[in-house]
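Undergrad: Sequence:
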Amino acid sequence: MVKPEHGVANPRRSNGPRRIVWASALLLAACAQPLRQPMAGAGAEGHWNGRLALTIQSEPVQSMSAGFELSGKPSQGELQLFSPLGNTLALLSWSPTTASLKHDAQEQTSDSLDDLVIKATGAELPLRALFDWLSGRPAQVAGWQADLSQLADGRLQVHRTAPAPTVDLRIKLTP
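With the numbering used here applied, the sequence shown corresponds to residues 45 to 219, in that order.
Hints in this document: simulated from the structure, not taken from any laboratory.
Among these hints, one or two may not hold up.
[To be verified] Below, in silico cross-link-like pairs of lysine-lysine (DSBU-like), each with a Cα-Cα straight-line distance of 35 Å or less:
1) K163 x K117
2) K117 x K146
3) K163 x K146
4) K163 x K216
[Stated by the list, open to error] Computed beta-carbon distance windows for the label pairs:
5) A206 x A97: 17 to 25 Å
6) P182 x T132: 30 to 38 Å
7) T132 x Q184: 30 to 38 Å
8) Q150 x T205: 13 to 21 Å
9) V105 x T153: 26 to 34 Å
10) S179 x E151: 16 to 24 Å
11) A196 x T142: 32 to 40 Å
12) P140 x D197: 32 to 40 Å
13) Q150 x G130: 14 to 22 Å
14) E103 x T153: 27 to 35 Å
15) P128 x Q106: 13 to 21 Å
From the three backbone atoms N, C-alpha and C, an ideal C-beta is built for every residue, glycine too.
Input sequences plus hints: build the corresponding full structure.
TA: Next comes the structure, spelled out in structure tokens:
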């Protein structure tokens, strides 16, 4: 058996920390959400992006977490949901006369935006009221309570108490 001379590193030992750093970098890159260009219609009418977490207190409890971009106004806009890797999970678009949902390489249209929101998220969400809440304006929606107290820090919490099941929506805006 030949011993290494002083000053010569054991190749198996020197690659260990490098492999850990490389693996850590890959893991962080996989969890990072890519920067996106603002959607069409963004700007003066409103544009928000960040992460959302939705919990439905049903049996069994349902939850989802996604990146999002919301733009437009309550009467006409878009909501796009993204996976942690940046893939589009769902795209909701609406106008005064129609709404559409692109999800799993399929497109559905409906007269009811609320029906498509349920199909996209699994819960009835007051999407139109989100424009007011994210702008810092209170909006009254039956059964829903919005906590705007942390909006200056980019956080919004919304809770539905009625009808059952209860629903919690937490939003963290990207600065």
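Undergrad: For each hint, tell me whether it holds in the structure or not.
TA: Hint by hint, here is what the structure shows:
Our distance criterion of 35 Å between C-alpha atoms is met by K163 and K117, whose separation comes to about 21 Å. The suggested pairing of K117 with K146 holds, with an alpha-carbon distance near 19 Å, which does not exceed 35 Å. With a C-alpha separation of about 10 Å, the suggested pairing of K163 with K146 holds against the 35 Å cut-off. Simply put, K163 and K216 have alpha-carbon atoms about 23 Å apart, close enough for the 35 Å limit, and the pair holds.
Roughly 21 Å separates the CB atoms of A206 and A97, a value that falls within the hinted 17 to 25 Å. At roughly 31 Å, the beta carbons of P182 and T132 sit within the given window of 30 to 38 Å. In this structure the hint that T132 and Q184 lie 30 to 38 Å apart at CB holds, the actual value being about 32 Å. One distance hint, 13 to 21 Å for the beta-carbon pair Q150 and T205, is violated here, with the actual separation near 33 Å.
In this structure, V105 and T153 meet the distance hint of 26 to 34 Å, their C-beta atoms being roughly 31 Å apart. Taken as a hint, the range 16 to 24 Å is violated for the pair S179 and E151, whose Cβ atoms sit roughly 29 Å apart. Checking the proposed 32 to 40 Å range against A196 and T142 shows it holds: the Cβ atoms sit about 36 Å from each other. About 34 Å separates the C-beta atoms of P140 and D197, a value consistent with the hinted range of 32 to 40 Å.
Take Q150 and G130: their Cβ atoms lie about 20 Å apart, and the range 14 to 22 Å holds. Restraint check, E103 to T153: a C-beta distance of roughly 32 Å satisfies the suggested window 27 to 35 Å. Evaluation of the 13 to 21 Å hint for P128 and Q106 yields a pass: the beta carbon distance comes to about 18 Å.
Violated hints, in rising order: 8, 10; the structure is consistent with all others.
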